[in-house]
Amino acid sequence: MAYGRKSLIQIQSSEIHYQLPKVLVGIAYYQKLCAEAKFLYMLINDRLKLSIQTAKDTGKFVDEHGDVYVIYPNEELIRDTGYKKDKIIKLKKDLIKYHLLDEERQGLRQPNRLYPKNVVSDPVLLDTPFEEAPNPWEFSEVGNSDFKNSEIPNSRSRENRIQEVGNTEPSKNKIIKNYISNSNSSRKSETISDEIPPSPQPNFTLTRSQSEKYIPPKYYSLLQTIADRYNGKFCQIDLFTGETQNYHLTHKQKMMIGQYLDNDWVTSQEVLDMIDRVPVDCESPLAYLLKMLENLKTERQAEVRRVAHLNAQRFYEGGQT
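So in UniProt numbering, spot 221 of the sequence shown is number 221, and the numbers just go up one at a time.
There's no promise every hint is true.
With a straight-line Cα cutoff of 25 Å, these simulated SDA-like cross-link-like pairs (lysine to any residue) come out [said to hold, decoys possible]: (1) Lys60 with Asp228; (2) Lys93 with Phe130; (3) Lys218 with Asp228; (4) Lys56 with Gln110.
Each pair of labels, with its calculated beta carbon distance range [what the hints assert, rightly or not]: (5) Asp127 with Asp80: 38 to 44 Å; (6) Gly82 with Asn263: 46 to 52 Å; (7) Val25 with Arg277: 47 to 53 Å; (8) Lys22 with Glu270: 35 to 41 Å.
Calculated from the structure, these hints are not laboratory results. Heads up, the beta-carbon is just placed ideally off N, CA and C, and yes, glycines get one too.
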């Protein structure tokens, strides 16, 4: 082996690398974003892994909305990149402009919270230069793209998002209109079951963005087990009256349940137990089940916030800064 070249053993066992999303290279949407900004995003996004692990173990680095953030002071960024402070500030502004980063102040002598955001994954936007494209999170809300995060951090209400989309430039509105048309035409053959009419039992509102998010294939077998339990309970014939219950989970409805599994708010066994607790004569068992899932999610979000608050309180009471 020639001196200094990489061997297979070195590559497989000893080297640890930062990872840059491929979509940031050679794609129209991010083409004018400078390489230094992409490098900075890579560093901040890599530190998010540490925040996520710490959040799972201790509840730290999670805000009141349940979002995970990064602490990466400018002094550390200067040290790790070799850039000057003015350049770090400029690059962060570029990342914010391209919807790759949010930055929030914490107060006097406390480092800002950094929220590295998902890269754009929608093919319509990726083929569009940034200057001509709408905000990807507005686009997600209107066009039902499969984005993990669909809220605009500085404008969380639905009313504000819709108003801002309505004020986009004509070229941006054309992109949104074309994408909605294509998305709707590809879904015409897939309808939601008649099982979710207004019901006097649970008051649960289903939105299109809730029902159409991407769920990783690793959950499909679990979701099929859940569907089998559900269908076995609510697709029956009453031997005395001859009436039938034809409730069954469609693919789209399984994906709605899969969101709770994917976000670790509930386990598959807990979903199965919930199905067992839904009354057999329930007029809308799916809405009943989703309401229980949402209640459990709310409880666990509150617990995450409570633990984070207690940890923060202990941290500051210990005299640390």
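Results for each hint:
1. Lys60 with Asp228: 38 Å, violated
2. Lys93 with Phe130: 15 Å, holds
3. Lys218 with Asp228: It holds: about 17 Å lies between the C-alpha atoms, which stays within 25 Å.
4. Lys56 with Gln110: 23 Å, holds
5. Asp127 with Asp80: 38 to 44 Å: 33 Å, violated
6. Gly82 with Asn263: 46 to 52 Å: With a Cβ separation near 38 Å, Gly82 and Asn263 fall outside 46 to 52 Å, so the hint is violated.
7. Val25 with Arg277: 47 to 53 Å: 50 Å, holds
8. Lys22 with Glu270: 35 to 41 Å: Because 36 Å falls inside the window, the suggested range holds.
Against the hints set out earlier in the document, violations occur for numbers 1, 5 and 6.
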